[in-house]
Amino acid sequence: MEKVNLFILVYFILLCLINSIANAEEVPDGQIAYLSGEDVDTLHVHILDLQSKTEKTISKASHHGAPVWSPDGKSIAFSAKTDKGLSIFIHNYETDECHALNHQYSWNDNPSWSANGKCIAYTSCEKGLVDQKVAVYELENNKEEFWGGEKVSSILTPVWFPKLDILNAMNATVSQVTYTEGFDIHKFFDEGYSTGVLIGVAVFPLESKRLTTELVIFSKSQATPLPKELMLESTRFEELNPQVSPKGSSLVFETNESGDREIYYLGRKGISNISNHHSADWNPVWSPSGEWVAFESFRHGRRGIYRVFPETARVFPFVVSADFDCWNPTWSPNSEWICFVSNQTGTPQLYLKNITGEKIIPLTNSAVNLAPNWRPKAK
Amino acid sequence: MMFRAKKICFFYICVIYVLVSYFSAYARLEDRTLGIIKIPNEGCPVILAPGQTFKVTSEQKGELFLIDNENQILSLTAQWESLTSNLWEALVTLIGKGIKEGPYSLQIITETKTKDINPRSVWVQNSFKEFYTFAHISDIHIRSNDPDDEQTSTFQEIIEKLNRCDAHFILITGDLTHDATMEQWGMFLKILNQCKKPTFVCAGNHDRNKDNYENMFHTSTYAFRYGKDGYIVYDTKEYRVADSRGEQDTLLYRYSRELKSSRWMFGITHRYEFTMGIRAQIILFVDDPIDFILYGHTHRENTKEESILPWGKTHVYVVPAGKDGYYRIYDVGEGGILPRPIQNIKDHN
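Chain order of the listed sequences is A and B. For the first sequence, the residue numbers in the working numbering are 228 to 606. For the second sequence, the residue numbers in the working numbering are 988 to 1336.
Where hints are given, some of them may not hold.
What the hints assert, rightly or not - The following label-pair restraints were derived from C-beta to C-beta distances:
hint, chain 1, residue 1, chain 2, residue 2, range
1, B, 1150, A, 378, 52 to 62 Å
2, A, 503, B, 1068, 26 to 36 Å
3, A, 500, B, 1333, 52 to 62 Å
4, A, 281, B, 1101, 36 to 46 Å
5, A, 506, B, 1068, 17 to 27 Å
6, A, 281, B, 1042, 40 to 50 Å
7, A, 280, B, 1148, 57 to 67 Å
8, A, 506, B, 1215, 15 to 25 Å
As the list claims (entries may be wrong) - Capping the alpha-carbon separation at 25 Å, the derived lysine-lysine pairs in DSS-like fashion look like this:
hint, chain 1, residue 1, chain 2, residue 2
9, B, 1197, A, 311
10, A, 360, A, 447
11, B, 1215, B, 1183
12, A, 360, A, 390
13, A, 604, A, 283
14, B, 1291, A, 436
15, A, 496, A, 474
16, B, 1116, B, 1215
17, A, 308, B, 1197
18, A, 436, B, 1300
19, A, 301, A, 283
20, A, 287, B, 1197
21, B, 1177, B, 1215
22, A, 390, A, 354
23, A, 345, A, 447
Please keep in mind that the hints were generated in silico from the structure rather than gathered at the bench. For glycine and all other residues, C-beta sits at the position ideal for the given N, C-alpha and C.
Please build the complete structure, drawing on both the sequences and the hints.
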């Protein structure tokens, strides 16, 4: 009888142990940079270590913009307020050194690292973000140059192509491709292979004086809208948010071509709508593996996060609720986790969820936390 | 005998105290910030007809009442729901055919018997007409709690003028104060509450001082319907925070969808500049473009070239500064919006 009792006791202890292990919050390792403050006017970049739960704060300057990790994960670029306007700051994660870049213009924002981490592209203008140009800063030489030539102005959020695969594919797809007048495709590729190519959204007036947006690719001296033979008829629709896949073989962007905001995929086989819903779908983010695109959608009422497999346009809900909003997804380096912002407790906080799991793990619990960016693994 | 007189006197003093405190003392907290009831309030009221519903946002659940100018009390039936932000939301249907038109204070008596009251927060109309008018003021810039201050007396004169005009409600598009100090807010509210029409306010760049604006009016982004038309009130903020990092874009999208069926859709804000967040512009002026945007900030009327937003579909109406005595009245009907000439308190008519 005693043996039976002992057996039952051991059985229950084991059961409890297994249960507690199963329920333990298995948090991945890594670091997440994000904005935190008392309100939106006091935001500073913070860096959270997920395993140790320790936090660093970058206190230099004020009114920080969204942090962006360098491809090797050693530095963070962000914009911040200075006496003149906005500057791009570079913070070294290992040494904690932080310095501002030397700019020609006063207002500089939206930093984007080149694939080799040697250059940073950003929008730059003299006053108030009107007629923004794209500046590229060579970090080794402390040299700032304006890219794209004189023909394109008011560029929003430049993004680097890690490789020129998709551009090569586009160029080879059709024999008669229409570029901007005077655009030299050979020179473009020469410049692209030596210093890189960017894509951005240009805002410009049509003949009717109405503004529109268009996707523009640009090198050091030239810029052109994406060839109209490959794109939707862009003068009638407004594109936004181009995101190049990690391997440079395809890109996704938003457009209102279908009457509402949709995510489109442009690859070697052409262009397709991969979100396709009558509610808005926006803010696409590639997984580091290049297999998935996370995006935000209002298809279930509130703002939620979904992921789509671009090849088949199959959409999976990731985190969706009838009671709160979720936005700003950022992928872990292994593409298995997504960190995001949610207002489920009333204020914007960071949360974490495995792409196949159910459990949502809270990461922050202070006033306002926004714009998470997961530190990439050094290659 | 003397003792009895004292007793009676004390009894009446108690009754008067209870009545006075019941009907007035609970309007906002001592520093004039909102108490238990957050929405509706004097800057974000509801206008509705009998049979329509409205929402109340509150720190606590409780019994809700409407109190009219003659202190008649009407009990409301509310369905309470917990919000994620430690707040409660009640869905209230205005029942009662005999309910008279005009302003009502909204009162709550919580489960712990705490009372709070928001004056001028619910306005009842028997019906909404196809044709109506509203007034637009902007850039008041209240600078102190001194009633003789120039900006203060000018605002008071505008309110007196608008009390006598035919507008059904008043929009005040930001820079309500100069530095958003509590003294300035107190003076602004004091004059605002002399207005005999519903007043909808939004935040301007001068109203940004910590979270003082939110403590006064709870939210700087909201929407309302007036008859067949929809109004989205939002805070342009700095371009840096007007992008998609925060929550405003979610609300703008949701409101633009909710009001999509409106006859006309209005955007009410402090300023428009091309440099504001691109996502907000895409939502409001491109994908489901609003028909009209009303704002201030520039302290001058818009030019003919500025009469339509650069996205090509939204008509612009800018009113010069209220601190200089300017205001404007608009007629709204099936044909759209018809602005009357800009008026000044110094005008004779």
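(message) Given the hinted pair residue 496(A) and residue 474(A), is their Cα-Cα distance within 25 Å?
(response) holds, 16 Å
(request) With 52 to 62 Å as the target window, see if residue 1150(B) and residue 378(A) comply at their CB atoms. (result) holds, 56 Å
(request) Take the C-alpha atoms of residue 287(A) and residue 1197(B), compute the straight-line distance between them, and say whether it is at most 25 Å. (result) Answer holds: residue 287(A) to residue 1197(B) is near 21 Å, not above 25 Å.
(message) Please verify whether residue 1116(B) and residue 1215(B) have alpha carbons no more than 25 Å apart.
(response) holds, 9 Å
(request) Hint says 57 to 67 Å; check whether the CB-CB distance for residue 280(A) and residue 1148(B) agrees. (result) Given a distance of about 60 Å, which is inside 57 to 67 Å, the answer is holds.
(message) Would the hint linking residue 390(A) and residue 354(A) be met if the CA-CA limit is 25 Å?
(response) violated, 33 Å
(request) Measure nothing beyond the straight line between the CA atoms of residue 1197(B) and residue 311(A); if it is 25 Å or shorter, mark the hint as holding. (result) With Cα atoms ~23 Å apart, residue 1197(B) and residue 311(A) stay inside 25 Å; holds.
(message) Check the hint pairing residue 301(A) with residue 283(A) against an upper bound of 25 Å on the C-alpha distance.
(response) At roughly 14 Å apart (the allowed maximum being 25 Å), residue 283(A) and residue 301(A) satisfy the hint.
(message) With the threshold set at 25 Å, check whether the alpha-carbon distance from residue 604(A) to residue 283(A) stays at or below it.
(response) Between residue 604(A) and residue 283(A) the Cα gap is close to 19 Å, so the pair holds against 25 Å.
(message) Need the status of pair residue 345(A), residue 447(A): alpha-carbon distance at most 25 Å?
(response) Holds. Residue 345(A) to residue 447(A) sits at ~15 Å (cutoff 25 Å).
(message) Run the distance test for residue 360(A) versus residue 447(A): straight-line Cα separation, threshold 25 Å.
(response) holds, 12 Å
(request) Could you see if the CB distance from residue 506(A) to residue 1068(B) stays within 17 to 27 Å? (result) Holds - the Cβ-Cβ distance for residue 506(A) and residue 1068(B), about 23 Å, lies within 17 to 27 Å.
Of the numbered hints listed earlier, those contradicted by the structure are 21, 22.
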